[in-house]
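There are 2 protein chains.
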Amino acid sequence: MAFTYLTNVPLEQARKDYLRTLAEQGFAARTERIRVQDAYGRVTAKAVYAHINAPHYACSAMDGVALCARDSFGATDTTPVTLSDAQFTVVDTGDPIPEGCDAVIMVEELVKNDDGSVTIHTPAAPWQHIRQIGEDVCAGEMILPSFMEVTPAAIGAMIAGGVLELEVLAKPVVGIIPTGDEIVPPCTDPKPGDIMEFNSSIFSAMLASWGAEAKTYPIVPDKYEQIRDMLEKAAAECDLVILNAGSSAGRDDYSVSAVREVGEVLYHGVAIKPGKPAILGYRGAVPILGVPGYPVSGIIVIDELLRPLIDRWYGREPDGGTRTRAKLTRPVVSGLKYQEYVRVRMGYVGNTLMASPLPRGSGVVSSFMKADGMLEVPQGTEGYTAGEEVRVRLLRDKQRLKNTLVVIGSHDPLLDELADLIHREDRRLFLSSAHVGSMGGIMAVRRGEAHAAGTHLLDTATGEYNRAYIRKYFPHGGVYLIRCVGRQQGLMLQKGNPLGITSFADIARDGVRYVNRQKGSGTRVLMDYLCDKYNVDRDKIYGYEREELTHNSVAVQIAGDSADAGMGIYSTAKLYELDFLPICVEEYDLLIPEKVWNSGMVRQLVRTLKSEEFKRRIEAMGGYTLDNPGEIIDVF
Amino acid sequence: MAFTYLTNVPLEQARKDYLRTLAEQGFAARTERIRVQDAYGRVTAKAVYAHINAPHYACSAMDGVALCARDSFGATDTTPVTLSDAQFTVVDTGDPIPEGCDAVIMVEELVKNDDGSVTIHTPAAPWQHIRQIGEDVCAGEMILPSFMEVTPAAIGAMIAGGVLELEVLAKPVVGIIPTGDEIVPPCTDPKPGDIMEFNSSIFSAMLASWGAEAKTYPIVPDKYEQIRDMLEKAAAECDLVILNAGSSAGRDDYSVSAVREVGEVLYHGVAIKPGKPAILGYRGAVPILGVPGYPVSGIIVIDELLRPLIDRWYGREPDGGTRTRAKLTRPVVSGLKYQEYVRVRMGYVGNTLMASPLPRGSGVVSSFMKADGMLEVPQGTEGYTAGEEVRVRLLRDKQRLKNTLVVIGSHDPLLDELADLIHREDRRLFLSSAHVGSMGGIMAVRRGEAHAAGTHLLDTATGEYNRAYIRKYFPHGGVYLIRCVGRQQGLMLQKGNPLGITSFADIARDGVRYVNRQKGSGTRVLMDYLCDKYNVDRDKIYGYEREELTHNSVAVQIAGDSADAGMGIYSTAKLYELDFLPICVEEYDLLIPEKVWNSGMVRQLVRTLKSEEFKRRIEAMGGYTLDNPGEIIDVF
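So the protein sequences, as listed, match chains A and B. For the first sequence, my numbering begins at -1 and goes up steadily by one. For the second sequence, my numbering begins at -1 and goes up steadily by one.
Looking at chain A on its own, in the form it has when it is part of the complex (with noise of 0.2 Å):
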C-alpha cells in the first residue's frame, strides 16, 4: 500500500522541461479573428493596418465658412474683405470643404451683412481650420504593431482607420475535469461524507485573471474508464486540461494511468509542499495537469505550474509579483526535500512590515483567503527563526497593508464585527485579526507587532481582569487598556442538554467529551482556574488535550456531536444554538499601544467603539453588557 512518488524533481527544472517539452509538442497560441469593438484588453496576433483615412475627406475644423483663400488676401481692419454668397460656403465642424474651397474662416471672425455676404477683416492662410485627409490615421499605415494589448484608444484609431475586425490570440479554454466518488456540486446541506466540488470555481477564477477560460466537466467517479475517456474529451475540446484530484496515492487514484493512457507524462511529483503529487503529463500539444484536490495543494500547483503557460501563450513576461522584506513573527520550520509554501497574515506596525504564518493545512482555504503574502522556504533550507528577516511575494499591494489594523489576541466574533464597521466607514481602511489567545495578544503588543490585542485574563488573586497582568508585563507603561465589552462566559452543551451538566464539575463525569482552548488563551485560564477552584481532577476530564483555537471552533464540534461541552461566551452557544450554563461575566478589552494611539486607524477603530451601530451590532449578538467602550481604563 506505501506507494512512492515518481520523481521529486525540483519546481524551477520541472517548470523548464514542461514548457520546453510543450514547445516540442507544438504547445501555441491560436488566433481568432473578432469586431474591434470587442477587442479591449485582447492581443493582437499580427500587426493591423489602417484599410482608410481619418478623416477620409478633407473637412472643417471649425464652426463658419470655408472659401477660397486668395478670395481674402489684403482683408485688414482698415480694408475689410466683403464675399458674396457665391464665394463662401457655411460649414460646421466635420462638414466636407467644397471643391474650390482651401481654407475656413471661423464664425467669430466674420461679419454677416443682411444681402448675404460676410465680411472679414484678416486675410486666410491657405488650409487653416481645415483638417487635412489622413490628419490621423493614414491608410496602408500600421496601427498597432504584433502582440500589442488593444487600448480605448487603439479601438477609436482602428474604427476611424476603417478597421472592424482583427486578428487577436484567442483566450486560451482550460478543461477542467474534477473527480472523486465523494465529490458533491456545491450546496448547503452536503451529507457526511460528501465533499464540495469548490475547485473549479477557484481555478476559473484564477484562469480568468489570467486571461483563459476555464471549462469544467462534469465530475466523474473515480472509475478508470470513465476517467481516461473525459481526459481524452477533453484534451481533444481543450487547449490545456487540468485533471483535479486523484494524482496523490490513494486507493483510487487512477489520474496517472489514466493521463499516461491518453498521452505522455513527464514527471510525477514535483519538489514543492503543498502540491507534490502533482501530475505533468500532455497529448500532443495539449498540457494535461494533474493537481492535487486539496485546494490550496490545486492553487500553488495551478499557481506555479499552469501559469507559466498562459504566459507562454500570451508570449508575456511571467508576472513575478512584488517581493518585499519583512520580519517573520514566529518560526517557520520546512524539510530539506521540498520548496515549502507558508501563507503569512502581514501588517505594518509602526515602519516595520511584519509577517506571520497562517494555518499550514492544505485543506484550509480560507487561509489563502486571508494570506496578505506567500512565504516561499527554498529546498535544502530548514526554516526560519522568529524575528528573522525574509523576503515575502507580496499577495495585496502595500497600500493596504499600511491601511490595515493588525489586531492579534484572544478571538471574538465581535472582532469581524468591527472589521467590517470600521471598512464601511472607511473604505481606505481594513482589519485583520489573528486569534492566539489573551496572553499570545499581550506578548505581540509588546514585540510591537499589533495594532491591538483583545484580553480577557482573570487575575485568580483578585478576580479583577487585565489589569494586573498589563503591569506585569509593561512595568514601564507604553499602552492604553481600552474598554470594550463584558461578556458571559460559561458552558456551552448540546442542544437540550441531553447528559444533564449543570455543574461545572459535570464535565470531568465519565462518558462526557470535552474540547477545550488552547494554552495561553483567556478561556483556558479561566478554565483552569475553575479546575482549581472546584477541585475539577484534568486527568479526569476527556478532551481536556483537546485544543481548538476560537470561541466558535469549540462550538462547532458540539453542534456536530463530536464533543459534549466545551468553555465559551454566550453569543457563540447562541450562534450554534447551544444550551449554556452561565459561570461568570468577564471583561473584554482591548490593549493598544501609546505610540499607535494618534493614528488615524486607531482612532477610527476607537469611534467605532464608541459608535451605535457597533452597540447594536453587539446587542443583536447577545450575552455581551456595554459599560462605555473606547474608554480608557485606568492601569497603572
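Treat the hints as calculated values from the structure; they're not laboratory data. Even for Gly, the Cβ is constructed at its ideal location relative to N, Cα and C. Hints may contain errors.
[Claimed, not checked] To give an idea of the interface, some chain B residues facing chain A are shown, with a C-beta separation under 8 Å as derived from the structure:
| hint | residue |
| --- | --- |
| 1 | 43 |
| 2 | 45 |
| 3 | 131 |
| 4 | 143 |
| 5 | 297 |
| 6 | 386 |
[As the list claims (entries may be wrong)] In silico BS3-like links for lysine-lysine, alpha-carbon gap of 27 Å or less:
| hint | chain 1 | residue 1 | chain 2 | residue 2 |
| --- | --- | --- | --- | --- |
| 7 | A | 396 | A | 325 |
| 8 | A | 400 | A | 493 |
| 9 | A | 396 | B | 44 |
| 10 | B | 368 | B | 274 |
| 11 | A | 608 | B | 44 |
| 12 | B | 572 | B | 493 |
| 13 | B | 400 | A | 396 |
| 14 | B | 368 | A | 44 |
| 15 | A | 221 | B | 110 |
| 16 | A | 368 | B | 44 |
| 17 | B | 368 | B | 517 |
| 18 | B | 400 | B | 325 |
| 19 | A | 400 | A | 368 |
| 20 | A | 613 | B | 44 |
| 21 | B | 613 | A | 44 |
| 22 | B | 396 | A | 44 |
| 23 | B | 572 | A | 44 |
| 24 | B | 396 | A | 400 |
| 25 | B | 221 | B | 231 |
| 26 | B | 274 | B | 14 |
| 27 | A | 231 | A | 221 |
| 28 | B | 517 | B | 572 |
| 29 | B | 470 | A | 44 |
| 30 | B | 44 | A | 400 |
| 31 | A | 325 | A | 14 |
| 32 | B | 274 | A | 44 |
| 33 | B | 271 | B | 14 |
| 34 | A | 572 | B | 44 |
| 35 | A | 517 | A | 538 |
| 36 | A | 396 | B | 608 |
| 37 | A | 14 | A | 335 |
| 38 | A | 110 | B | 221 |
Since the structure of chain A is already known, use the hints to place chain B on it.
Just chain B now, kept in the frame of chain A:
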C-alpha cells in the same frame, strides 16, 4: 452666432460640486444577488457569513485506518499492538470518522496481517490526522466583510461555507447616446461628410476597465425632440448617461436644452482643454454628462468627470495614477484660462526620462493611442520651456518605457515594420517613432533624446548623404551611422497622371496643386535642392507652404484629390496606387549614439536590420535597395 459657455468653472470645483449634488440626489450603488461562481472581482455589498461548517463532518486527513486512540496506547517497536478488524475502519483522505473513533493512523505506519488485523508500533494521539469540523470555516463566521473584492480563494471559502449566492454591488450601467446628423455606424467605406461613430466603442472599453457596463443607444439625429426623448429613455433605464456630441455651440447643438428639459444642468463649460464644453447634468439621481464629439475631448471629459462617479459608486479611492518627473523635449504653450492636457510620448535615453508633446488636435485619436503619458498644465500657467522638468501622469508602466527604443527623425514606413519585428522577436521590447524630419532627428540625438534617428540628408555640394551633416553636428564623434536602406525618391502624382507631369519643373505649372514636406525633413532639403538645380521659382508653386509631416500624409492628399503632386518615396506611392516620377535614389540611414550602442535594445535593432525577415518585408514594400543593412558606415 457667437456663443459663450455658461461657465468656466475650474475642474476641481466642478467635480466636487457634481459629486456633492449627485449625493444629495441619492446617487448610490445598486446591489444584486449573484452566484458565488460568478463573483470573481465583484465587490460585496454586505458582510458574508458562513452557513455551514467546513469540513462539515470530522474526516480523515490521511489515507489509513480510523480507530479509538485508547486501543493503541502502549504500542512500541518492541510491544506492538494488533487491532482486530472490528477495532478499526479503513479510511481514505476525506472519509468521515466512524462513530467511536477519535484518531487516524497513516497507512505507512501500520502492518496489515493476513487475518485482516493490523499491527501498529506507535500509539495514536487522540484526534491525530483528523480534520475537525469547521477547521476551515465555522458556520456563522464572517467570511468577507462588506465592500471587499472577491478573490478566487474567497470563492472557495464561500462555497465551502455553504454560501452559493451573495449580494454584490451591481455594475453601474452607463447609457451612451451618440448624436449628430453626420454620424454613421462604423463601416469601411464612409461617404464624404460621414463621421464614423467610434466614441461609444472607446467609452465602452474605458467603462469596462472601471467595472461599469456600457449600453449604447442608436445614433440620434440632430432633432431636439428625438434627443430629449432618448435622454428620457436612457435616464430611466440606466444608472448614468453620457450624451455624446452636441455639447458645443454649433447650430445643431440641442444638448444643453434637452438636458435642461429632462433634468437639471449644474455646469455647462469646465476650464479644461480639450473638453471645455462639457455639460454636468442630472435627472434625479442619474448623472447626465454631456460630452464633446471630438474623441480626445470625450476621453478626457469621461476620465475626469465620469470616472469619479464610478469610483464613488464602488466607494473606492480615485486612482490618481503614477506621476513621475520627466524632461520636456519641446516647449508647451498653454492658455491661462484652462487646465490643459497635453499627451506626451516618453522614453528613457540613458537614465533620463524624456517627454515629447504629441499633436494636440482633439480629433486625433491616434495620438491618444501613442501617448505614454499625460502632461497636465494647470489653469493659470502659461506652459513650460524645452528642457524643463515637468510632472507627468504615466499611461504605461515604467518598465515598458525602459524597454522602448526611441526613434526620432525622418519618417519611413519601414520604422513601423521594425517596431513590429523587434516586438515579435522579444516581446519585452518596443519601438516608438516620432516623425520630425532628418534634421530634427540629428538634433534629438545631439540632445540625448533618442536611441536612433532616421536620416537622409543630401550634401548638395558633394551629392553625398548624411556623412557631411554628421561630421558637422558631431565634430567629436560619439555616434554611429548605420546603413539602413537605399530608397527611390521622386514625385508622387495622381493615378494615371491626368495633368501630364513629366519633369520636376512641371510642379510650378498653373493648375498644379503641390503639397510639400516640413522644413528640416530630408525630402524638403531634396525638394529645395531640386528647385535650385532646375531653376524653379518657389513662389510659382501653388501649395509650397502646405506642409505635411510624412510621406503617407503627402500621398493621401494626392490620392484624395486635394493635391496633384508631392515629393515622396516609391513604396508610399505604390501603397496608395499613385503614379511616380523617379528622381533619385537616396541613402536612408540610422544615427545611433555610441553610449547606447551596446544596450540590449540597440543590439536587437541591429540584429533585426540584418535579418532575413526584415529583407523580406522591405522587398515586399518596393522601391528599396538593401546593401548590408546594420553595417557601420565610416564617417569620421
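Restraint status (C-alpha distance of residue 517 (chain B) to residue 572 (chain B) at most 27 Å): Satisfied, since the Cα-Cα distance of roughly 25 Å is no more than 27 Å.
(request) Below or equal to 27 Å on CA atoms is what counts here, so check residue 14 (chain A) against residue 335 (chain A). (result) holds (19 Å)
Starting from residue 368 (chain B), check that the Cα of residue 44 (chain A) is at most 27 Å away, please. holds (18 Å)
With a cut-off of 27 Å on the C-alpha distance, tell me whether residue 274 (chain B) and residue 44 (chain A) pass. Given pair residue 274 (chain B), residue 44 (chain A) is violated - Cα atoms ~38 Å apart, limit 27 Å.
Residue 271 (chain B) and residue 14 (chain B) were given as a pair; does the straight-line alpha-carbon distance stay at or below 27 Å? holds (19 Å)
Under the criterion that the straight-line Cα-Cα distance not exceed 27 Å, is the pair residue 274 (chain B), residue 14 (chain B) satisfied? holds (17 Å)
- Item | Given pair status - residue 400 (chain A), residue 44 (chain B), alpha carbons within 27 Å | holds (23 Å)
Quiz item: Are the Cα positions of residue 368 (chain B) and residue 517 (chain B) separated by 27 Å at most?
Solution: holds (24 Å)
Q. Given the hint that residue 613 (chain A) pairs with residue 44 (chain B), does the C-alpha gap stay at or below 27 Å?
A. holds (18 Å)
Taken at face value, is the distance from the CA of residue 538 (chain A) to the CA of residue 517 (chain A) at most 27 Å?
holds (18 Å)
Would the pair residue 396 (chain A) and residue 608 (chain B) pass a check requiring their Cα atoms to be no farther apart than 27 Å?
-> violated (45 Å)
Agreement of residue 325 (chain A) and residue 14 (chain A) with the hint, judged by alpha carbon distance not exceeding 27 Å: violated (32 Å)
Hint compliance for this structure: hints 1, 6, 8, 29, 31, 32, 36 are broken, all remaining hints hold.
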